[in-house]
Amino acid sequence: MIEYSITQFFHKAYQFHISAHYKNLKESGRQ
1 MIEYSITQFF HKAYQFHISA HYKNLKESGR Q
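All the letters of the sequence shown, read from the start, carry residue numbers 1 to 31 under our numbering.
None of these hints come from the bench; they were simulated from the model. Virtual Cβ for every residue (Gly too), placed ideally from N, Cα, C.
For each label pair, taking beta carbons as the anchor points, the in silico distance ranges come out as: (1) I2 - N24: 31 to 37 angstroms; (2) M1 - R30: 40 to 46 angstroms; (3) R30 - F10: 27 to 33 angstroms; (4) K26 - S5: 30 to 36 angstroms; (5) R30 - E3: 39 to 45 angstroms; (6) I2 - R30: 40 to 46 angstroms; (7) Y4 - L25: 29 to 35 angstroms; (8) H21 - M1: 28 to 34 angstroms; (9) I2 - K23: 28 to 34 angstroms; (10) K23 - E3: 29 to 35 angstroms; (11) F9 - R30: 28 to 34 angstroms; (12) G29 - I2: 38 to 44 angstroms.
Model the full assembly from the supplied sequences, consistent with the hints where possible.
Right, here's the structure in full:
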(Lines of atoms letter the chains of each structure in order from A and count residues from 1; the text may use other names and numbers.)
(Lines give C-alpha, C1' and ligand atoms only; values in the text may rest on other atoms or scores of the structure.)
Protein backbone atom coordinates (compact mmCIF):
# COMPACT_ATOMS: atom_id res chain seq x y z
CA MET A 1 0.00 0.00 0.00
CA ILE A 2 2.84 2.39 0.77
CA GLU A 3 4.42 1.68 -2.61
CA TYR A 4 1.10 2.55 -4.25
CA SER A 5 1.01 5.91 -2.48
CA ILE A 6 4.55 6.71 -3.60
CA THR A 7 3.64 5.81 -7.18
CA GLN A 8 0.58 8.04 -7.03
CA PHE A 9 2.65 10.89 -5.59
CA PHE A 10 5.29 10.69 -8.31
CA HIS A 11 2.61 10.43 -10.99
CA LYS A 12 0.93 13.63 -9.75
CA ALA A 13 4.25 15.43 -9.36
CA TYR A 14 5.22 14.39 -12.89
CA GLN A 15 1.93 15.65 -14.34
CA PHE A 16 2.32 18.95 -12.47
CA HIS A 17 5.89 19.33 -13.72
CA ILE A 18 4.83 18.69 -17.32
CA SER A 19 1.90 21.14 -17.21
CA ALA A 20 4.04 23.84 -15.57
CA HIS A 21 6.78 23.34 -18.15
CA TYR A 22 4.25 23.49 -20.99
CA LYS A 23 2.77 26.71 -19.59
CA ASN A 24 6.21 28.31 -19.37
CA LEU A 25 6.91 27.23 -22.94
CA LYS A 26 3.71 28.88 -24.19
CA GLU A 27 4.37 32.12 -22.30
CA SER A 28 7.98 32.35 -23.47
CA GLY A 29 6.86 31.65 -27.03
CA ARG A 30 4.53 34.66 -26.90
CA GLN A 31 7.33 37.14 -26.29
